[in-house]
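K.L.:
So you can see what is in the structure, the chains are spelled out below.
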Amino acid sequence: MEYWNPLVERMPVEELKMLQEKKLKNLVEYVYQHSHFYNKRFDDAGVKPEDIRKLDDLKKLPFTYKSDLRDTYPMGMFCVSNERLVRFHVSSGTTGKPTVVGYTHNDINEWNTSLARALTSIGVGREDIIQVSYGYGLFTGGLGLHYGAEEVGSTVLPTSSGNTEKQLEMMQDLNTSVIACTPSYFLFMNEVANQVGLSIRNDTKLRTGIFGAEPWSEEMRARIEEATGIKAYDVYGTSELSGPLFTECQYQDGIHIWADQFLIEVIDPETGEQLGDGESGELVITTLAKEALPLIRYRIGDITVINKQPCSCGRTHPRIMRVFGRADDMLIVRGINVFPGQVESVLMNIPQVGEHFMIIVDRINELDIMKVQIEMTDEAFSDKINDIISLEKKVADSLKSVLNIAVKVELVEKGTIPRSMGKAKKVIDNRKL
Amino acid sequence: MEDKIIKQISLFAENKPGRLANIAANFRKAGINIRAFTIAEAGDFGIIRMVVDRPDDAHQVLHDAGFTVSETSVLGIEMEDVPGGLGKIADVLGTKDINIDYAYAFVTKTEKALLIIRVSDIEGAISVLNDADIKLIDMADIQEI
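Quick mapping for you: the protein sequence lines, in order, are chains A and B. Take the first sequence: its position 261, counting from 1, is numbered 336 in our numbering, and each next residue is one higher. Take the second sequence: its position 57, counting from 1, is numbered 152 in our numbering, and each next residue is one higher.
These aren't lab readings, by the way, just hints derived from the structure by calculation. Each hint should be verified, as a subset may be incorrect.
[What the hints assert, rightly or not] Label-pair ranges, simulated between beta-carbon atoms:
hint	chain 1	residue 1	chain 2	residue 2	range
1	B	N110	A	M245	40 to 46 Å
2	A	I407	B	N110	28 to 34 Å
3	A	V477	B	A137	39 to 45 Å
Ideal Cβ positions, reconstructed from N, Cα and C, are used throughout, including at glycine.
With the rest of the complex left out, here is chain A (with noise of 0.2 Å):
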């Protein structure tokens, strides 16, 4: 077994809790003296920073939300002035107002650190060529990844995304053994590269998958493994918090939080209240190592569950179960709460169908419908429309017994519903709620 900083990966979890409890202490005592927003933040909840002695009263301090960073674009939380700063990410601002997040030497060192751990938990080391086909640029995917990986060693070939032919070359020319992308993305590259005759498992050298960005099930992973031949990781991180940081290690059961960096709570999205281990809330985060912009119990807006047993490679830190979705993806059809990984989940399991789907929600005569156009696979193509007709009605009758609402199923063509380099949409909402 190897291990990045064999010391830190392996302390003993009362060791990880004084060293969190120290580094939370400093960290509320530094927000609160270089940081405008925290400073009125705490006083507004009426917390000192000498409220703060043990792990315990973390719960005292006030929540952090997406909304305070756009509410303070660009720059209002940073807790350093320019010249510590050493670069920015700029989040895309699909619901409004763009995020910034900006870096000093330190936060951009640990974020390294974290991924280099990580790296070496899945396997990646200097031997290894990783074509990162995440995006470059103002996105954390791709620079992430990149420096994550020449820490430990590896030779990067920083494709960024898109020009999938051109990728799928180098990535036979230059014996990519490790990719970096979207889940999306790789099947996506897994079809053009059928279509062009090539194989991932025969013609490449290609052995291991980070795949994230995006919510994925644990279904598609096993799909994306039997048709490629690769072994599939989830990757796991945003970029409020730096961007991609933590991966499962090589056992695949959750994903390591580095605790000496990160302190992890799950909460009850609804009131707030702390759940215990093994319960399923939204995930909340406080940096423990961050300079230029450390957040306190940032609601990160993922649903999971902490797992603090001991794991099989020997690392005592906790995981973080396969996240299952975000709370902001989370639609409500007839007062049933539905999460696009639900219905990933469900169609991954009948081989019938692709794993291209698309989740259309309508209000008809005050009445949500819900329908979900799946394409049509060479495979499933029956000429007799009672056997279409069938496949439809599996499909919407297995859906309805993991949702409990009714859908509507509806096969498309093949190679109709949109692919996507990046971010796959999944849901379109044409409900004026």
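Starting from the structure of chain A, add chain B where the hints point.
P.N.:
Same frame as chain A, now just chain B:
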């Protein structure tokens, strides 16, 4: 017996404008002739079924153009263009418990009526239709129509 089986092109199409024009354009480019043609529609989607002079080429052309397409084995029956022709065929198949999944008919230049059928048991159908002296056409006949 094999040579009496006709390869029909079946194709999945969403029920929206322009799909048929797209198919026709692909055939025109490849010089493929449609001999018989029908659309079965079911709400949002339809299945287009065609008998063409060069089915393997047609399959390739449509597949390359991104369609979901298959070759399906069907039978072509030459009917006397007189009352009672269809009834006789249905009777013969019915006695052997062979189901007709679907059927469509067209009239040739030589003023014969041709019936295309997909059945639940194609080998059985060929045998019983032969025994009843009902004439089945083959791919060579299709090319000459």
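K.L.:
Evaluate each hint against the coordinates.
P.N.:
Outcome of the hint check:
For N110/B and M245/A, the hinted distance range of 40 to 46 Å is satisfied, since their beta carbons lie about 41 Å from each other. One distance hint, 28 to 34 Å for the beta-carbon pair I407/A and N110/B, holds here, with the actual separation near 31 Å. Between V477/A and A137/B, the C-beta spacing of about 26 Å breaks the proposed range 39 to 45 Å.
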